[in-house]
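Engineer: The primary structure of each chain is shown beneath.
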Amino acid sequence: MVFLTRLEHFNAAHKLYNPGWSRERNEEVFGKCANENWHGHNYELYVTIKGEPDPDTGFVFDVKRLGEIIREHVIEKLDHKNLNLDVDFMRGKMCSTENLVIAIWQQLQQHLPAEIRLHGIRLHETPRIYVEYFGPGR
Amino acid sequence: MWNISARAAETVEGPRPRDNNSSEGQIISVIAKMHRIFEEYVLASIKRKPMKKVAVFRREHFNAAHRLFNPAWDDGRNAEVFGKCSNPHYHGHNYELVVKVTGVPDPDTGYVMDMKVLSVITSEEVLARFDHKNLNLDTEFFRELNPTAEHIAIVIYDLLRARIDINLELQVRLYETERNFVEYPA
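As given, the protein sequences belong to chains D and F, one line each in that order. If you number the first sequence the way this note's numbering does, the last residue is 142 and the count never jumps. If you number the second sequence the way this note's numbering does, the last residue is 1408 and the count never jumps.
Calculated from the structure, these hints are not laboratory results. Treat the numbers as computed from the prediction; the structure is a model and nothing was measured. For each residue, glycine too, the CB sits at the ideal point set by N, CA and C. There's no promise every hint is true.
Claimed, not checked - Chain D is nowhere near these chain F residues, computed Cβ spacing over 10 Å in every case:
{"hint": "1", "residue": "Lys1306"}
{"hint": "2", "residue": "Leu1359"}
{"hint": "3", "residue": "Arg1365"}
Claimed, not checked - In silico lysine-lysine, DSS-like type, Cα no more than 30 Å apart, as pairs:
{"hint": "4", "chain 1": "D", "residue 1": "Lys81", "chain 2": "D", "residue 2": "Lys68"}
{"hint": "5", "chain 1": "F", "residue 1": "Lys1255", "chain 2": "F", "residue 2": "Lys1269"}
{"hint": "6", "chain 1": "F", "residue 1": "Lys1306", "chain 2": "F", "residue 2": "Lys1274"}
{"hint": "7", "chain 1": "F", "residue 1": "Lys1322", "chain 2": "D", "residue 2": "Lys36"}
{"hint": "8", "chain 1": "D", "residue 1": "Lys36", "chain 2": "D", "residue 2": "Lys54"}
{"hint": "9", "chain 1": "F", "residue 1": "Lys1338", "chain 2": "D", "residue 2": "Lys36"}
{"hint": "10", "chain 1": "D", "residue 1": "Lys68", "chain 2": "D", "residue 2": "Lys54"}
{"hint": "11", "chain 1": "D", "residue 1": "Lys97", "chain 2": "F", "residue 2": "Lys1322"}
{"hint": "12", "chain 1": "F", "residue 1": "Lys1306", "chain 2": "D", "residue 2": "Lys68"}
{"hint": "13", "chain 1": "D", "residue 1": "Lys81", "chain 2": "D", "residue 2": "Lys54"}
{"hint": "14", "chain 1": "D", "residue 1": "Lys36", "chain 2": "D", "residue 2": "Lys97"}
{"hint": "15", "chain 1": "F", "residue 1": "Lys1275", "chain 2": "F", "residue 2": "Lys1338"}
{"hint": "16", "chain 1": "F", "residue 1": "Lys1275", "chain 2": "F", "residue 2": "Lys1306"}
{"hint": "17", "chain 1": "F", "residue 1": "Lys1269", "chain 2": "F", "residue 2": "Lys1338"}
{"hint": "18", "chain 1": "D", "residue 1": "Lys36", "chain 2": "D", "residue 2": "Lys68"}
{"hint": "19", "chain 1": "F", "residue 1": "Lys1338", "chain 2": "F", "residue 2": "Lys1306"}
{"hint": "20", "chain 1": "F", "residue 1": "Lys1306", "chain 2": "D", "residue 2": "Lys81"}
{"hint": "21", "chain 1": "D", "residue 1": "Lys36", "chain 2": "F", "residue 2": "Lys1306"}
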């Protein structure tokens, strides 16, 4: 078994703000991340798939093709966007890095070829803050 | 180098009757002398030229939203020139700021500038204004001025320049992403 990782990045605006709460409650819980006019990050996205190298190509999967799938179905939708306002798969969700990594997993599962086994996704919000997700129930 | 020199000096100065005339002892003695001459040269040059300039650096970071937008142009022209950076709903960055201060170390403290003071000034002037903010909407500077990395660096320089001793040189380097960064003054 070999684990193959592709690194992509995107820049986006967001805010942490629960519309069901008062402004004071949001500021209490989310602090400056609740700034009503948004703030933003350079996100780094690591997508890891796993499998045995193909005997003919030596590849677990064509990593160029993996990059294209990530860019088409994830990066195109997130890069230079407002996560709260512009992204269909984040609508109605809190735009935390935790929720974003789960949504990216779901997005990729739908569009990766059936034979590709997604292992994990690591998403950096800043150089010092990142989340990892290994799929439902794991 | 200092350790080797000290050890070599000890070896030579200590009671070494057996080695004193051997070739090994002579080599150690020569090396020790060379090190002593070098150390004396360094010390003398520090004393002779106290006006040596040193640059000190402080790194900070802030996260902010912005959009590139020229209010004198219509939306079409903005989109054409600034592309996805002009998204009306903004996007954002983790900005990394490197502040460079150059000057002669103070003879009493040995500091070019107290880094704690530089940190406090940077926090007050830059981070308090820009961190977790929308540069276009939340700051006075970029209501009219397009918040490109170039303009942000100039604004940061001006804010810091007003608080730092005029005898010290100042330069700021601002990273918008890992691969895109600017410096001012150029």
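Engineer: Next, verify each hint and record whether it holds.
Structural biologist: Against the structure, the hints:
Taking the minimum C-beta to C-beta distance to chain D, about 4 Å, the non-interface status of lysine 1306 of chain F is violated against the 10 Å cut. Not every CB of chain D is more than 10 Å from the CB of leucine 1359 of chain F (nearest about 4 Å), against its label as outside the interface. No beta-carbon of chain D is positioned within 10 Å of the beta-carbon of arginine 1365 of chain F; the least distance is around 12 Å. Pair hint lysine 81 of chain D plus lysine 68 of chain D holds up; C-alpha atoms about 19 Å apart against a cutoff of 30 Å.
This hinted pair checks out: lysine 1255 of chain F and lysine 1269 of chain F have alpha carbons roughly 21 Å apart, not beyond 30 Å. Simply put, lysine 1306 of chain F and lysine 1274 of chain F have alpha-carbon atoms about 47 Å apart, too far for the 30 Å limit, and the pair is violated. For the hint linking lysine 1322 of chain F to lysine 36 of chain D, the alpha-carbon distance of about 28 Å falls within 30 Å, and the restraint holds. Between the alpha carbons of lysine 36 of chain D and lysine 54 of chain D the distance comes to roughly 39 Å, so the proposed pair goes past 30 Å and is violated.
With a C-alpha separation of about 24 Å, the suggested pair lysine 1338 of chain F and lysine 36 of chain D falls inside the 30 Å cut-off, and the hint holds. Simply put, lysine 68 of chain D and lysine 54 of chain D have alpha-carbon atoms about 15 Å apart, close enough for the 30 Å limit, and the pair holds. Note on lysine 97 of chain D and lysine 1322 of chain F: the hinted pairing is violated, with a Cα-Cα distance of about 42 Å set against a maximum of 30 Å. Proximity of lysine 1306 of chain F to lysine 68 of chain D is assessed by CA-CA distance (about 24 Å); at most 30 Å being required, the pair is judged to hold.
A C-alpha spacing of about 25 Å is found between lysine 81 of chain D and lysine 54 of chain D, which places the hinted pair at or below 30 Å, so the restraint holds. Straight-line distance between C-alpha atoms of lysine 36 of chain D and lysine 97 of chain D comes to about 19 Å, which keeps the hinted pair within the 30 Å bound. At most 30 Å may separate the alpha-carbon atoms for a hinted pair to count; lysine 1275 of chain F and lysine 1338 of chain F meet this at roughly 20 Å. With a CA separation close to 43 Å, the supplied pair lysine 1275 of chain F and lysine 1306 of chain F exceeds the 30 Å bound.
For the proposed pair lysine 1269 of chain F and lysine 1338 of chain F, the alpha carbon gap of about 27 Å is at most 30 Å, so the pair holds. Between lysine 36 of chain D and lysine 68 of chain D, the direct Cα distance comes to roughly 39 Å. Violation of the 30 Å bound is thereby established for this hinted pair. With a C-alpha separation of about 39 Å, the suggested pairing of lysine 1338 of chain F with lysine 1306 of chain F is violated against the 30 Å cut-off. Restraint check for lysine 1306 of chain F and lysine 81 of chain D: the C-alpha separation of about 12 Å stays at or below 30 Å, so the hint holds.
For a cut-off of 30 Å, the pair hint linking lysine 36 of chain D to lysine 1306 of chain F stands: about 26 Å separates their Cα positions.
Figure legend: structure checked against the earlier numbered hints; hints not met, in rising order: 1, 2, 6, 8, 11, 16, 18, 19.
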